[in-house]
Amino acid sequence: MRPALAAAVLAAATPALQAAEPLRLHAGRGLSECLAPALPALSAHLGVEVTLSDERVAAVLVDEEDALTRLLEKDGTSARALGYHRRGKGLVMVTAALARADSAAARGLLDFLASREARPLLAGCALQAEARAFAKGAAAYASAVADWWLPACSLAGNLFNEPSVALGPPDAIRFGGDFYAGIMSLGQGGYAVLELSVPAVDGPGPDVRVYQAVSSEPVTVYAAASAAGPFRLLGLREPCGERTPGLLSNHCDFDLAASGLAEARFLKVEDGEIYPCLAAGTRTEGADLDAVEVLHSR
Amino acid sequence: MPARRRRALVLAALLAGCGGGGPAQPGPLPSATPAGAEPGGVLAGAYTLTVQPSSTCARREPLVYVMEAAAAGTSPHPGVQAVLSSLPRALELEVELIEGGLAVRGGLGTTEAGAAADEGRHGWIHAIAAGHLTRGLGGRGEILSGTLLGTVGLGTIVMREDEASLCTAEHTFSLRAR
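Going down the list, the sequences are from chains A and B.
Numbering that gives the first Met the number 0 puts the first residue of the first sequence at 0, with every later residue one more than the last.
Numbering that gives the first Met the number 0 puts the first residue of the second sequence at 0, with every later residue one more than the last.
Among the hints, a few may not be true.
Chain B side only, calculated, beta carbon under 7 Å to chain A, not exhaustive [claimed, not checked]:
#1 R59
#2 A69
#3 A71
#4 P75
#5 P77
#6 G78
#7 S85
#8 E91
#9 E93
#10 E95
#11 G106
#12 G149
Quick caveat, the hints were computed from the structure, so don't treat them as lab data.
Glycine included, C-beta positions come from ideal geometry on N, C-alpha and C.
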């Protein structure tokens with residue numbers, strides 16, 4: 000079943016009225032019940048009262064991609080995917096979005112809701128980071144970001160610059176147009192160094208997999224035993240466009256044997272497109288990293 | 000992704016596989032400084048970029064470009080941007096400062112149209128540049144001998160990128176103050 004989209008839209012008073020006006024949050028059916036217990040903690044964290052309301056908010060419940068895309072086009076950086084929420088037999092992506100881009104307080108709430116710190120507060124909503132059964136198996140993915148870099152030009156031009164989205168299993172989704180969740184666009188020659196939850200070992204055939212969204216942009220991948228390196232090359236500018244059934248992202252596989260390493264705990268995934276940032280034509284320039292997976296472990 | 004870019008990438012991948020065996024390991028950054036040269040310096044101002052294709056490439060004529068460099072960003076690491084003076088969008092270098100600011104590493108790339116170089120040559124580049132900085136003219140930073148890991152192509156202005164002589168290997172480059 001194609002996941003429908005539900006959006007909780009946040010609106011806030013202007014900064015000048017922040018002290019007197021609460022942050023009014025509209026959440027659709029099924030979400031308001033699980034969010035209500037979290038409101039006192041949200042309010043305490045932000046230093047302003049957060050309330051559920053249907054009035055004086057830019058209250059929009061969206062279950063169509065087109066409607067959400069129109070909302071995101073107003074300010075593409077103001078939407079955050081919070082995770083999947085079970086509705087009936089299917090999963091629905093829960094997205095928090097701003098109605099007013101000029102509200103610093105609302106942006107603060109949005110950023111906090113998308114943070115790991117907020118996860119315990121949202122436990123009542125049973126949000127799942129992964130939409131599919133990967134977590135049920137023995138698959139291992141990246142568990143921490145050790146380092147990352149994007150050139151300033153790419154940071155300014157791309158919409159999706161957060162390396163932590165590459166942790167865990169592949170979960171990229173596309174809302175429409177240039178709007179995604181769950182990807183880090185690597186820009187011109189940018190990279191992320193990811194710590195694997197378990198070391199990858201050199202087995203028969205490929206040992207690690209990189210999930211890359213949008214198209215078949217190439218990646219260069221290095222591996223190392225420690226975060227400080229030395230990083231050994233696994234593959235140079237490899238097109239990463241093999242279809243992954245059931246996922247938005249494509250993938251490409253790499254063999255530790257190419258590096259001479261028997262085992263690796265860290266992967267460095269680097270943009271292999273290396274296209275001039277100033278000539279960018281999209282908001283997702285460079286390879287778009289979704290996740291990495293260990294194919295062979297001890 | 001434009002179809003032209005997609006075809007160029009496929010060709011580059013095929014060329015990378017033609018050498019047989021695994022990918023060549025990138026060496027450590029090239030020897031830091033020649034005798035008597037002082038490490039460091041700031042990458043800023045006008046430079047001559049010379050790209051020397053690998054000895055394994057079918058065509059080895061150097062590509063020479065006039066570039067303009069400036070500091071670019073500080074987070075998560077400080078960086079430098081250098082662009083082709085005559086047409087900034089055609090050829091761009093984006094590097095981060097590493098090793099305490101004494102070395103750089105990052106991407107050097109052209110669009111699918113390539114970039115016109117000196118002596119009537121036309122080049123395409125998609126590679127990771129790395130090198131140590133030495134103090135040069137006026138105390139400005141230079142890279143006397145850096146590595147360029149990726150694809151360098153030579154052709155003519157009327158060619159598509161996938162028609163050029165593309166070579167994926169470890170090439171060398173220099174960036175000298177003008």
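These are the hints, each one checked on the structure:
no.: 1; hint: R59; result: violated, 20 Å
no.: 2; hint: A69; result: violated, 10 Å
no.: 3; hint: A71; result: holds, 4 Å
no.: 4; hint: P75; result: holds, 6 Å
no.: 5; hint: P77; result: violated, 9 Å
no.: 6; hint: G78; result: holds, 5 Å
no.: 7; hint: S85; result: violated, 14 Å
no.: 8; hint: E91; result: holds, 4 Å
no.: 9; hint: E93; result: holds, 4 Å
no.: 10; hint: E95; result: holds, 5 Å
no.: 11; hint: G106; result: holds, 2 Å
no.: 12; hint: G149; result: holds, 6 Å
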